[in-house]
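Engineer: Sequence:
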Amino acid sequence: MMQLMSGHSDSSFEPQFDGQLFYGLEQEPGGTEIKTNLAEIHEISKRLNDGVDVVDNADTISLSSVTINFEGEDLPIKQRVVHLGKFINDVADDPVLETISVYELARPQEMVESWMANDGETANDSDPFGVVMWPGSIIAAGELVKNREFISDDKTVLILGAGTGVEAQVAAKLGAKKVIATDNNVLTLTLLDHSVKAAGLVDAVQSAVFDIFSDKELPDADVVVAADVLYNPELAQQVGKRCQEVLCRSPRPMLIVTDSQRFHGTDFLESLNQGREAENLLEWEEVSLDRLTVAGILIEDDQEVNIKARLLSVKQSL
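Letter by letter, the sequence shown follows residues 11 to 328 in the working numbering.
These are calculated hints, taken from the structure and not from any lab test.
No residue lacks a Cβ here, since even glycine has one placed at the ideal position from N, Cα and C.
Be a bit skeptical, because a hint or two may be false.
As the list claims (entries may be wrong) - Derived DSBU-like pairs: lysine-lysine, alpha-carbon spacing no greater than 35 Å straight-line:
hint : residue 1 : residue 2
1    : K96       : K325
2    : K187      : K96
3    : K207      : K325
4    : K96       : K207
5    : K251      : K325
6    : K96       : K251
7    : K96       : K226
8    : K156      : K188
9    : K188      : K318
As the list claims (entries may be wrong) - Using C-beta positions, here's what the derived DEER-type ranges look like:
hint : residue 1 : residue 2 : range
10   : E108      : L291      : 30 to 38 Å
11   : N283      : A102      : 17 to 25 Å
12   : E289      : R117      : 30 to 38 Å
13   : L291      : D84       : 28 to 36 Å
14   : E287      : V212      : 39 to 47 Å
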């Protein structure tokens, strides 16, 4: 189950790993955290070795010959069944929410390696990391379940950096009238659409390309979710600006932010707390996910890991 700890500032949080981009690599004592620049990514990737524990869990991941067509190319994909009941108390016996199935790119390491080889650029000018499920989406899903009273048949949920869509499906299954799942990567949204269609949720979930660096205002919503999108300094800063945009709206939407990577999110709350009274400062909650099975990204096989992440949840105002 998810375990919540007491509130934390940015600097007091210590991650379980250098970063879950490299699942299975434990942090060296006294070592520095990995940053997402290419030189350090290349360097740390050399440490990947046969000592990493590989998970063979047939009911968690389904390898098949399924493909999706993207820009004229058939890309192999795989289904991941996420057992939310293992991590979220309130859904353990709920047949609708106990499991969520999403589709991931079968071999994400090929795309990541291409991204690395081209100095952090891709053909569609977007990073490749949204093509697999990340731990923050499960934590965000748990917070949505915990606050299901804010998600009824007349409410809209906006997701920034929706990835494969775990939290989008949960919001729809909780009864949201509309779920706007945004990302700047068209391939990521293609995977999300495939998952949503398979789940029978196309009437509730609307995917949309949205660049948070654009001048466009965020769509109106009653709940805003940003899960695991603080993984480089520019992105973390911009997500902070967008969260400030959310918090300044009246009425204020509910805001859920999760961070299991913590590459560059360390000044995220500092910027959000500027101008707030001392008694109203926002704090992270530390969250643990034990024995979570995830894609290895640069490791070909799945990994089973214990995750120490963080959650920010700001309630809706009337």
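Engineer: Against this structure, judge whether each hint is valid.
Structural biologist: Structure-based check of all given hints:
Taken as a hint, the K96 and K325 pair is honoured in the structure, with Cα atoms around 25 Å apart against an allowance of 35 Å. Between K187 and K96 the CA atoms are separated by roughly 27 Å; this keeps the pair inside 35 Å, and the hint holds. The suggested pairing of K207 with K325 holds, with an alpha-carbon distance near 31 Å, which does not exceed 35 Å. Distance check on the hinted pair: K96 and K207 sit about 24 Å apart at the alpha-carbon level, within 35 Å; holds.
As the CA atoms of K251 and K325 are separated by approximately 18 Å, the hinted pair is consistent with the 35 Å bound. Distance restraint check for K96 and K251: the Cα-Cα separation of roughly 34 Å lies within the 35 Å cut-off, and the hinted pair is therefore satisfied. Distance hint between K96 and K226 is unfulfilled; the C-alpha atoms sit about 38 Å from each other, more than 35 Å. The suggested pairing of K156 with K188 holds, with an alpha-carbon distance near 19 Å, which does not exceed 35 Å.
As the CA atoms of K188 and K318 are separated by approximately 31 Å, the hinted pair is consistent with the 35 Å bound. Distance hint check: the CB atoms of E108 and L291 are about 36 Å apart, consistent with the given range 30 to 38 Å. The beta-carbon spacing between N283 and A102, approximately 35 Å, falls outside the hinted interval of 17 to 25 Å. Hint check: E289 to R117, Cβ distance near 50 Å, so the stated range 30 to 38 Å is violated.
Between L291 and D84 the Cβ separation comes to about 50 Å, which falls outside the hinted range of 28 to 36 Å. Judged by the Cβ atoms, the range 39 to 47 Å given for E287 and V212 holds: they are separated by roughly 44 Å.
Comparing the model with each earlier hint shows violations of hints 7, 11, 12 and 13; every other hint is respected.
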